Structures are given as structure tokens and as C-alpha cells.
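J.: Assemble the whole structure, with the sequences as input and the hints as a guide.
These protein sequences, in sequence, are chains A and B.
For the first sequence, counting from 1, position 218 maps to 218 in the working numbering; every step adds exactly one.
For the second sequence, counting from 1, position 102 maps to 1102 in the working numbering; every step adds exactly one.
Source of the hints: derived by calculation from the structure; they are not laboratory data.
Please note that a few of the clues may not be correct.
As the list claims (entries may be wrong) - With a straight-line Cα cutoff of 30 Å, these simulated BS3-like cross-link-like pairs (lysine-lysine) come out:
1) A:Lys355 x B:Lys1386
2) A:Lys519 x B:Lys1025
3) B:Lys1025 x A:Lys522
4) A:Lys519 x B:Lys1034
5) A:Lys487 x B:Lys1068
6) B:Lys1386 x A:Lys522
To be verified - Listing some non-contacts, in silico: residues in chain A with all C-beta distances to chain B over 12 Å:
7) Gly187
8) Lys229
9) Pro260
10) Gly361
11) Ser389
12) Val393
13) Thr438
14) Thr566
Stated by the list, open to error - For each label pair, taking beta carbons as the anchor points, the in silico distance ranges come out as:
15) A:Thr405 x B:Thr1307: 36 to 42 Å
16) A:Pro248 x B:Leu1482: 55 to 61 Å
17) A:Thr405 x B:Ala1375: 39 to 45 Å
18) B:Asn1071 x A:Ala305: 31 to 37 Å
19) B:Gly1486 x A:Pro248: 51 to 57 Å
20) B:Ser1464 x A:Asn492: 27 to 33 Å
21) A:Pro101 x B:Ile1477: 21 to 27 Å
22) B:Thr1307 x A:Ala305: 52 to 58 Å
23) B:Ile1434 x A:Pro324: 52 to 58 Å
24) A:Ser392 x B:Thr1307: 39 to 45 Å
Note that the structure is a prediction, hence the values are computed from the model and not measured.
Glycine is no exception: its CB is placed at the ideal position from the N, C-alpha and C atoms.
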Amino acid sequence: MSMLNVGASALITAQGSLSTTSHNISNVNTEGYNRQIVEQGTRLPNFEGGYYIGSGVNITSVERRFDDFLADQVRIFTSQEQQLDTFSAFARQVDDLLGAPELSLSSGLQGFFNAVQDVADDPTSIPARQVMLTEADTLSQRFNTLDSQLTAFSEQVNSNLDTAIKDVNVISAGIANLNKAITEALGGNGTPPNDLLDQRDRLINELSTYLSVTSIEQSNGSMNIFVGKGQGIVVGQSAIELSVTTDPADTSRFEVGYGPSNINISSQLTGGTVGGLLTVRQDVIDPARSEIDALAVGMIDNVNAQHTVGITLSGNAGGNFFEPADPAIQGAGSIRLAITDPRDIAVAFPVVSSKSQTNTGTAGLEINTVTALSNPVAAQAINSDITFSFDSVANSYTVSYQGETATLPYNPSTDSGKTFDMSTLVFSITPPAVTAPTAPSMTITLTGVPVEADQFTMSNSVDGLGNFTAVGDNRNALEIGDLQIAKILNGNSESFGDSYGILVANVATRTHQADVNQKTQKGLLEQTNLRYESVSGVNLDEEAASLIKYQQAYQAASQIITVSNTVFNSLINAM
Amino acid sequence: MRVSTAYIFDQNLSAMLNQQTELGKTQLQISTGKRILNPSDDPSGSVQMLNLQREFNLSEQYMTNADKAENKQIIEEGVLASSTDMLQRIRELAVQALNSSNTQADKQAIAAEIKQLNEQLLALSNTRDSNGDYLFSGFASNTQPYQNLNSDYQGDEGQRNIQVGAGVLVETNDPGNQIFESPVISTTKTSTLAPAIAPTLDITSTAQLNVSAYTGGTATFSPVDVTYQAGPPTEYLIGDGVNYPQVPVAYTAPGPLTVDLSTLDPSYPPMSIDLSGTPIDTDTFQITTGAGTGQVEITIDSGVSETFSPITFTFHEEIVADPLALPVPIVGVPAYYEITDGTNTATVDYIDGMSVDLDSLSTSFPQLTVKLTGAPAEGDTQVIEKTVTENRQTLFKTIENFANALINNNVGPDDSPNNGDFLTNISTSLATIIDARANVGARLNAIEQQNQINEGLSFTMQKSLSEIQDLDYAEAISRLSLQMTGLQAAQQSFSKVQNLSLFNYL
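T.: Structure below.
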């Protein structure tokens, strides 16, 4: 009789083992499945009065092969790898954008400044001026396109963040529900509900692709999940939602909010897609935008400053070449031409100098730069003619302007070729005047050896009646052309080319680094996965062997029943 | 260590995918010929590339600029060369014209040819370049520099600089007034008529009046009366109150006293008078415009280009001999001219119509022969000097003046600047143009040198660019075949390994 029981127990055990093995086999490709092992144990033996007779076998537990430490490692590396992957994807887009030849600011700037030089070679040529306008337009459009693309990336980051947060919330709700089910199952019969646990672990893994998470198991079986620096998103059976908020200083940036009061915890989150999005926005997209804006504003301000003091082909003051930057849209998005008529490009200087016919020395006077017009409406840089008369005794030029005089020291033997700033001249005050005339804001270069009473005269290019004949003057175009290599950005330390090169280098280096790091992390992840799988993964060959093993056990166990039956029949038939 | 079935599959799959990615990248490199596809492939190389491209582009632009500058200067050079030829021809014609063996008809013919060359020169000065810009009007490219032979320069003094290298600017034009204008040298004669002094009443006293400095040239003035008043106070009354305001000047015998008449009243002629001696009341002198009619005419001017210090001819009257004069007998001295150049002085006795060969009187005198005529008065002076105008004059006007003088036969030694002095002036104009041409030549040289530098730089940069960005095809293709082999191997081993399963044998 006990043989029947033993046989039955063996059958049941073998059945259970076969079921578990089949369960493993059927779940070979299930994500996050941890293989289950049947633990068999002997039943309590019967005391038969002097000796124990074994009473068979039963299944003590079905356990899942699961290593906490390895699972944690896998999650950590998953988060990191995913962060780098997301970062890399966006950084590469910015990198491609900056590397695209048809959008390259470098060739756009070169095209513009080449056109400026062509105008300087030929100031009266209308086609050359038209080309300059066209190139300026092309350059503006490149800036605009770069800006709109980077804005699009920013918006993409926002929308991806939104989706990710929603997914996180769904997962954390799922985990909370599983916590409840697991707690009940454990509380109910004390045995671990393996498949529920598997599900929960799978959800936590999925969560770690979005964020770095820390999981703490409670004594009642529920798992608390924390993100960032201790913000819990699953506590026991309830889930606390993350949300998308905006930074009050800049409502176009989405941030991650926590809990009912939407506290901004973006700065504390790392890892996963969310970490990758936040980092790439902060380290790549934002700096790229501000750099390109600075370039655009630098372009607008400097070209305009030089253009306003020039004279157009029609004899008017130049005014703005580019529209001033709109602070609301920022430089790169708003840069565009302010003039449409090629005749309105201010290529000439507002002042010309001439030397007296009676000069006998070898002196020369050249106008170097003009920084402001005294009367922009009349396109005049000075209020009246200025004469320079050399005093060989005092080695200085007597400068006469608006009835007053000033002294400009010039020693022919040491000062030839030097530049003098006329705005530092101090003029006399002859009563009834109470103030001296404003010194003109320009610089001049003096050369050569003048003789006593040698004279130079400086006069406006546009005379009092508005007539302008110096149409072949290209000095303002030369000045604008000089902006190409002048160090005028970033505190007068970088040229346009330098600045753009630094931007490209930064993005390229970051992208390259992210690539390299991601490969490293991937390698680490694969290694950890290997170790994890070696504990928890299903090996079909192993399961096939197990099937054979348990099948044989079942066959043998069914023989026990048969033999028990035969023994019983023998006994019955003997009566 | 055990491996799970899923892991085996995943691992092989990811290896194949990696191989495919690498292969794809190599393929892209080969089809574009570029080693760097994105800046992130080689960040420092990318930045170097940007810099090199920029420098290369700048060099190319400088060379374009240099071409334009060169073209402008070549046109200018051509104009200056033609101008030089024409001026030299005009000079030859002038030399021929000034040869006294020409008939009037010859001179007319030469004048006509000179005029025609002058018109051509004018046309040259108004040359326009291929854009229609005037070459010689400075910045005023749409303004014609010289409208006609007599007009002034209408352009400005701007010089257009073109950038032919980093920080290298070269001028590409010269204003017309620096090329076609120069000061004019001529020989001038200035006469001064010494005022005459007549006592209105015979003076018996020892009073004397001399004019000591007179700068009024040959201008006439109303007579100036100088009358002594014994007073008191003792004074000379200057002026008669009609033509000039009467001004008293205190005088104490026996003087001497010098009075600068222009300090008394601006209407007085510019002279100073010396008063001496002891006058008696109502002694009156009258100062009138000199009545001398002396003339100095240059008849032979053989030192055409010679400059000389101003020569002053001062006439002195004959002193009649008076052996009876007391206390010493007066010896007669004939009228003579005192000739001085500030260093040496010579005298010639004056005979109306005489010719004086100046360089025979003194070695420092110029090679001029003058004819002295007329009846000069005591103290009359003539100054002959070479003057240079302060302002510049266009060579067209100078030539036109000469041609017109030639037609009217006013090209004698006395007709400066339309005589031998014209040759001096033409030579000056020629020298100015030749200087300008030398400048243009220097600029063309500078442009050429800078072009060579730019070409060298261009080439170097292209080479460096190529080294950085171009693909090494040999290396890439061998890498491609290596990767293809690797991928093939991965694919084959995948299919083989996947077939291995215990279930196949159960």
C-alpha cells in the first residue's frame, strides 16, 4: 500500500518536474524569464518499529534561478549604456548638421567675404554688389536653417522626454500592482510566486532603460523603487508619478517634475533615455545654439557698425546692412538682410583727404578708420573741413576745425607710418564759444617728411548739397572684408572662423567620446548579461536532457504502480 | 560556464550587426573618397580641415584680387607709355620749331602737329577701363578728369587699394593731377620806376629828400608833397590834403630821419623817404612817378634750363663833370647800369640800344644776352629771374599755350615760358610721367611676387587638406575586403552553430 503512495508521489513529482522543464523550454525566448528549478525532497519516513521506511518524494519548491547582485549589475549597465546611446543619437544629429557641406557656416562666411572682396576690387560694378547681397542672403539662410534645426532637436528632446515620462509612469504603476499581488501571494501561502516575480523584474529592467533606479526589497516582498537622489516612484503598493514641467525662465524647455507638487528634479536624474536626453540637451544642443547665436549676433553687430559709417553709391549714409537682432528670436533665427538694392551697399568712406598743390615735402595723410558720422542724415562725418598745417619748429600739425585749433604732435623721424586717434585732440575755445568742437571720431595714418607749412585738407565725401562723386572709393568694403579674420568675438580673442571651428570641435569631440563610451558600456553590459544568463538563462540542450531524465523517472514511477498492482493482485488471487 | 540558448543567438547576431555597421562605414568612405564623413570621426582633423579650407580660400581670393589689380595697372602702364611717346615727339617738334631757321609756314605746320598730339594726350588722360570707370580721376570714377585743354582737374585724390595678400594692399590707380600737372618755370622781368623828386621851389637850404625803398613797381601814383614847417613845432607836412591826408612828421635838423609812408596812411605809395639837412620854412619837395622809359629785353637765351639767382639792373644817371665845383671838383661819370646777382656786381656804361652779354661780365651770371634801350631814370631797376609757379598747371595748357604762341611767332627769347623754357617744362612733365610709370612698374612687380607667394601657399594647403581629408584607397579597400571576409565568416558560423541542438537527436 505504501508502495502505491510512493509510486504516486514519484509520478506526481516527475509530472511536476516535466511541467517545469516544459515551462522552461516554452519560455526560452521570453524576455526576462528566469529558469525554474524543481527542488525535490524526500517525504517524511514512516517508523515501522525499529526502522524507517521511506515514503517517497515530493516537490519541496519550484525555485527560479535568480542572482540579485547580477540583476542589479545588469540594470546599472543598461541604464548607462542607454543614456550614452540616446546621447550619441542626438549628438550625432547635431554633428551631422554641422558637418553638412550645404549648411556649413564656414563656407557660407567664405562666400560672403569673397563677395565683399570682389566689391572692393570693383566698387562701381552693380553685378558684384548684387552677388554680395545674394551671398549675405545665403549666409543668413544658413544661420536660419541651423537655428530651426537645432530648435527642432530641442523640441524632439522635449517630446521624447514627455513620452519617456509617460512610459515610466505606466511601468511604475505596473510595478506597484505587482507589488500588491506578490505581497498577497507571499502572505497567502509563503511560496514565492515566480512568474509574478519575473514580471516585476522585467518591468524594473525596462524602467532602468529609462532612468537609473535603485530597488530595495521590503520584508513583505514588495520592491520600492527610487530614482535620482532618493525620490521614490514606487513605494509599497502605490506609485508616485513623474511629470513634465517647464522651467519658468525658459518655457520652451521641458523638465522632469516629481510628485503632486511637480518639483523639478531634472538635475538629479541620471541614466537611461531620460538621463541621455537631459545631458545631450545641456552639453550639446544648448551650447551649439548659443554659440551659433553669438556668431550671428557678432556678424550683425560688427558688419552693421562698419556699414553705418560708410557711404552708398547714391551718396547716403549706409545704415544697417543686417536687420538688428530680435532679442525674442535670438540672433541665428532672426538674421536677415536689411537692404535689397545693390546701390545701397555702403562701400565708400565718408571722408576724403587731399594735399595742397603747393606741398613740397614727402608727407602723406591717410584716413584709417571712421567710427561715427557727425550727421548721419546728411551722410557727413565732420561738420566742416579740417585742415592740417605742419609746424616744423614744433614738429606737430596744427589742426584747424570749426574755427578752433588743436595740436597733433608728429615727429617725422620717429612717427612716420604711425596711426593717430583724432578723437583725442583737444581743441581751443575762442569766446564767445563756450565749448570746444567735438573731435572727429576717426583715426589717421601720417607718413613721410613734411616741410614747414605743408597742408592737408580733410572734407566730407558728400558735400553740403548732397553731391557724391567718389563712387570708386572702396575703403569701407576693405574694412568690412577685414572682419573675416579680425579677432572680434568672445572678448576680442576669436575670429568667426575660430569660433565656428571651436563649436564644431566641441560637438565632434563629445559625439566621438559618447560613441567610444557607449561601445565600452555595451561591452560591459554584454559581459554582465553573459554572467546573468549563465545563472538564469534557459539552455535548450540542458532542458532536453532534463526532459529525458524526468521522462525516464516518470516511466520508472509508472512501473512502480504496475508492480504495486501486480503485488496486490497476487495477494488477492492467493486468497 | 553555462550559456543560455538565447545568449548564444544574441551574441552571434550582435557580432554580425557590428560587422555590417563597420562594413557600411567603409563602403561610404570608399564611395565618397573621404576619410572623414562626419566631424566626430576625427574632431581635431575636422577643425584642421576647416582652418586649411579657410586659408586656401583666402589665398585664392587674394589671387583673384591680384588679377584685377594687375589688369588695372597694365592699362595705366599702357596709357603712360603712350603719353611718354607723345611727349617726346612734342619735345622734338618744339626743338625743331625753336630753331630760328624755320619759316612762318614751317612753324604753322609744326604748331598744327603739336596741337593734334595734345588732343591725343587729353584723350589718353580720359581713358576708361573695361567697367567704364575713368582711370585717372581718383575715386570719382564716373567723372571725366579733364573736360578740355583748358579745364582744371575734376576728379579727386583717392587711390584705390586692393588686397593682394594677407595685410598686403597695393594701390591700383593714380589721380590725374599727380601725373598730368606740374609747376611751370618761366623767366620773369620785374621793373620798378624810381620815383622822381622835384623841389617845387628852388631850395637854397641844405635840405635833402631821398627815396630809400620803393616797392611800387611801375604803378603810377599821385604826387606826394613834403613841406617843411618851421613851426613851432618843427615838422615836415607830408601830403597835400587833396590826394593824401596831410600827416605831420616831427623833424629836428640836421636829421637824418627815415619815414615809412605806408605807416602814415595806407593810401600812400609804398616807399620810405630819408630826410636830412637843415631846411628852412616852406621848403617843399614833390615826389612823382618816375618817368624813366628804360627797357631790358632778352635777345639771346642760350642757357635754357639754367637756373640763376635773380639779376638786378639798376640805372645810374650821368654825373656831369664840373671842375669848378667847390670844395672838390666833380668828375664826370657817364650813365651806367649796375648789374648784380647778389654775389657779383658789374657795371656797363649805358648807350641806348646796346647789347650786353651777361656771362662775359661775370662767371656767376647766366648765359643771357640782353638789349638795353630807352631813357631810364636814376634808380630805375629791372629784375630778371626764373620763377616757378606755386600751383600746378596741366601739361595740356602748357602745350596749348606754346602751340598758340608758335602760330603767332611769339617764341622769342623774351617770350618765356613759350621759348626755350618750354623745353624745360616739357622735360618736367615727362619726368613726372616716367616716375609714375616706374611706380606702376614697382606695383606690378609687387603683385607678381605676392602672387607667387599666394600660389605657393595655396599649393601647400591643398596638399595638407588632401592628406587630412582624402581617403587612402589602398588601405580602405584592403580594409573592406577584410571586413567582408569577417562578415562572411560570422554569417557562416552563425548558421552552423544554430543547427546544433540536442532536440535534433531525440
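J.: State for each hint whether it applies.
T.: Here's how the hints hold up against the structure:
Taking the CA atoms of Lys355 (chain A) and Lys1386 (chain B), the gap is about 26 Å. The hint holds against a cut of 30 Å. Restraint check: the Cα-Cα separation between Lys519 (chain A) and Lys1025 (chain B) comes to about 16 Å, which is no more than 30 Å; the hinted pair holds. Our distance criterion of 30 Å between C-alpha atoms is met by Lys1025 (chain B) and Lys522 (chain A), whose separation comes to about 20 Å. The suggested pairing of Lys519 (chain A) with Lys1034 (chain B) holds, with an alpha-carbon distance near 24 Å, which does not exceed 30 Å.
Restraint check for Lys487 (chain A) and Lys1068 (chain B): the C-alpha separation of about 28 Å stays at or below 30 Å, so the hint holds. Our distance criterion of 30 Å between C-alpha atoms is broken by Lys1386 (chain B) and Lys522 (chain A), whose separation comes to about 99 Å. In this structure Gly187 (chain A) is separated from chain B by more than 12 Å, as the shortest Cβ-Cβ distance comes to about 32 Å. Every CB of chain B lies more than 12 Å from the CB of Lys229 (chain A), the least distance being 32 Å, so the non-interface label holds.
With a closest Cβ-Cβ approach of about 41 Å to chain B, Pro260 (chain A) is found to remain outside the 12 Å limit, as its non-interface label requires. The non-interface label for Gly361 (chain A) is consistent with chain B: the shortest C-beta to C-beta separation is roughly 15 Å, beyond 12 Å. For Ser389 (chain A), the shortest C-beta to C-beta distance to chain B comes to about 16 Å, beyond the 12 Å cut-off, and the non-interface label holds. For Val393 (chain A), the shortest C-beta to C-beta distance to chain B comes to about 22 Å, beyond the 12 Å cut-off, and the non-interface label holds.
For Thr438 (chain A), the non-interface assignment is confirmed: its Cβ lies about 26 Å from the closest Cβ of chain B, beyond the 12 Å cut-off. Every beta carbon of chain B lies more than 12 Å from that of Thr566 (chain A), the smallest distance being close to 31 Å; the non-interface claim holds. Distance hint for Thr405 (chain A) and Thr1307 (chain B): a CB-CB separation of about 37 Å, consistent with the stated range 36 to 42 Å. At about 56 Å, the CB distance of Pro248 (chain A) to Leu1482 (chain B) agrees with the hint of 55 to 61 Å.
Evaluation of the 39 to 45 Å hint for Thr405 (chain A) and Ala1375 (chain B) yields a failure: the beta carbon distance comes to about 54 Å. As the Cβ distance of Asn1071 (chain B) to Ala305 (chain A) is approximately 33 Å, the hint placing it in 31 to 37 Å holds. Here the CB-CB span from Gly1486 (chain B) to Pro248 (chain A) is close to 54 Å, well matched to the stated 51 to 57 Å. A hinted range of 27 to 33 Å holds for the C-beta pair Ser1464 (chain B) and Asn492 (chain A), which are about 28 Å apart.
For Pro101 (chain A) paired with Ile1477 (chain B), a C-beta distance near 25 Å keeps the hint of 21 to 27 Å intact. Take Thr1307 (chain B) and Ala305 (chain A): their Cβ atoms lie about 55 Å apart, and the range 52 to 58 Å holds. For Ile1434 (chain B) and Pro324 (chain A), the Cβ-Cβ distance of about 53 Å falls inside the hinted range of 52 to 58 Å, so the restraint holds. Remark: the range hint 39 to 45 Å for Ser392 (chain A) to Thr1307 (chain B) is contradicted by a beta-carbon distance near 24 Å.
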